[in-house]
Amino acid sequence: MYRVEERILSNYLNGLQLWALGYFEGLYVEDKSCQLFQNWLFGQYDPEYFTAQIRIGYDVGDKRSVLHFRPSFYWKFFANLLNVGVSFWYGQDFGEGKMYTGSPYQFIELEPKIQLNFGNSYIAFAYNWRRQYEHEYEGSITAGVDPVQQIQWMNLRFCMQL
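In our numbering, each number is its position in the sequence shown, counted from 1, plus 1117.
Just so you know, the hints here were simulated from the structure itself, not pulled from any lab data.
Hints may contain errors.
As the list claims (entries may be wrong) - Label pairs and their in silico Cβ distance ranges:
1) Phe1242 with Cys1151: 35 to 41 Å
2) Tyr1239 with Asp1263: 19 to 25 Å
3) Pro1188 with Gln1267: 18 to 24 Å
4) Arg1274 with Phe1186: 19 to 25 Å
5) Leu1153 with Tyr1222: 38 to 44 Å
6) Thr1218 with Gln1267: 16 to 22 Å
7) Phe1190 with Asp1148: 39 to 45 Å
8) Cys1151 with Asn1131: 25 to 31 Å
9) Arg1274 with Phe1205: 17 to 23 Å
To be verified - Under the rule of at most 27 Å between Cα atoms (straight-line distance), these lysine-lysine pairs were calculated in the BS3-like manner:
10) Lys1149 with Lys1215
11) Lys1193 with Lys1230
12) Lys1215 with Lys1180
13) Lys1180 with Lys1149
Note that beta-carbon positions come from the ideal geometry of N, C-alpha and C, so glycine has one too.
Make the full structure from the sequences, and use the hints.
Here it is as structure tokens:
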């Protein structure tokens, strides 16, 4: 596991941050299909009235890799008491183990969120809409099986930091 942070940019532009993190799973296993290396690069600008973030991820497995792109934007109201915004997540897989041959994406996700902050704690309501390709199997196209699964959910989140 690793995490790398820069500390210089915020001296020149208050609220600007860059960091990277990742981990390697299955270091000493014989079966290479159990190994996964995940990496993320984050860029965030967090001035007084909004927070904008871009996350770029790259997962490497034995026969399949996934490239992630996840921007988000949240407005801050009433001195950061209330946050309202949305995040978008796009994932494209490729390689020999691709979920579905010829798919334009592996998944896309949209998540609007309203959050009420109390110091370091918060209560948030999020709605999530996601479309993803499921595993292709022999005869799935000729059998008329739709490879795309659509998922929607609502989530009430509570976070308390002491």
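Exercise for review: Could you check the structure against the hints above and give me the numbers of any it violates, in ascending order?
Suggested key: 2, 5, 8
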